[in-house]
Amino acid sequence: EVQLLESGGGRVQPGGSLRLSCATSGFPFNTYTMTWVRQTPGKGLESISTIGGSGSGTHYADSVRGRFTISRDNSEKTVFLQMNSLRPEDTAVYYCVRARGTLVGRLIVTRLDHWGQGVLVTVSP
Amino acid sequence: DIQMTQSPSSLPASVGDRVTITCRASQSIDSHLNWYQQKPGKAPKLLIYASSTLESGVPSRFRGTGSGTDFTLTISGLQPEDYATYYCQQSYSALKYTFGQGTKLEIK
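If you read the sequences in order, they're chains A and B. So in my numbering, spot 77 of the first sequence is number 78, and the numbers just go up one at a time. So in my numbering, spot 37 of the second sequence is number 40, and the numbers just go up one at a time.
Simulated from the structure, these hints should not be mistaken for lab results. Do not take every clue at face value.
[To be verified] Rough simulated footprint, nothing fancy, chain A against chain B, three-plus residues with beta-carbon under 8 Å: (1) 13 to 22; (2) 27 to 37; (3) 52 to 62.
[As the list claims (entries may be wrong)] Listed below are the simulated SDA-like cross-link pairs for lysine to any residue, each with C-alpha atoms no more than 20 Å apart in a straight line: (4) B/107 - A/40; (5) B/45 - B/99; (6) B/42 - B/77; (7) B/45 - A/11; (8) B/45 - B/70; (9) B/48 - B/85; (10) A/44 - B/33; (11) A/44 - B/18; (12) B/99 - A/11; (13) A/78 - A/8; (14) A/44 - B/64; (15) A/44 - B/14; (16) B/48 - B/12; (17) B/45 - A/78; (18) A/78 - A/43; (19) B/99 - A/63; (20) B/45 - A/114; (21) B/42 - A/63; (22) B/45 - A/43.
Quick reminder that beta carbons are idealized off the backbone N, C-alpha and C, glycines included.
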């Protein structure tokens, strides 16, 4: 059974830092791209950072680039999100998500097929 | 970046209705389009991938169509458990996934 378990959330003051962790099990971790998706209160979904299976390819949304860093430890089957210079607008539930690629016809299509339960990050004085 | 626009933002409907949600991409994304269902306090759940392929375990009343820039999610014979918020998401851009703003399916 695929499991994703986030930890590290909490309340922090503006300008502070937090490190989210996502411990995984039940699948060959090093072959999967992982992404962090956040959801602000009452708002929609935003994929903020993604990392390829080998760790060499990463992407950041403009809203977090330069402040957040994604990394992974394939030996521990864990993905991390280091969040620095936090702002009140970073307040959200953060989900760790597995991205799965599948050949459909002639296309390799990626879908976000397993989500963690989410962890709340609150940035407030 | 590819922008995804969903409509409507809210959709009142009754049990048994057939409902359709649309999603438009700012550029062609071929069939790299997925649909998710989210209930309050829960993580999103994958319903449909590659525009029209049902994820395992998803009831057949859910149907996805479209390619290029225009996509639809249709639910036929709405059930009480289907009241939720639905999101489309593109995966055309490698590692750069973007979501629509969501459609809240509400009881009429």
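Consistency of the hints with the structure:
no. : hint         : result
1   : 13 to 22     : violated (count 0)
2   : 27 to 37     : holds (count 4)
3   : 52 to 62     : holds (count 4)
4   : B/107 - A/40 : 15 Å, holds
5   : B/45 - B/99  : 23 Å, violated
6   : B/42 - B/77  : 18 Å, holds
7   : B/45 - A/11  : 18 Å, holds
8   : B/45 - B/70  : 29 Å, violated
9   : B/48 - B/85  : 12 Å, holds
10  : A/44 - B/33  : 27 Å, violated
11  : A/44 - B/18  : 26 Å, violated
12  : B/99 - A/11  : 27 Å, violated
13  : A/78 - A/8   : 14 Å, holds
14  : A/44 - B/64  : 27 Å, violated
15  : A/44 - B/14  : 17 Å, holds
16  : B/48 - B/12  : 19 Å, holds
17  : B/45 - A/78  : 24 Å, violated
18  : A/78 - A/43  : 31 Å, violated
19  : B/99 - A/63  : 11 Å, holds
20  : B/45 - A/114 : 14 Å, holds
21  : B/42 - A/63  : 28 Å, violated
22  : B/45 - A/43  : 13 Å, holds
Of the numbered hints listed earlier, those contradicted by the structure are 1, 5, 8, 10, 11, 12, 14, 17, 18, 21.
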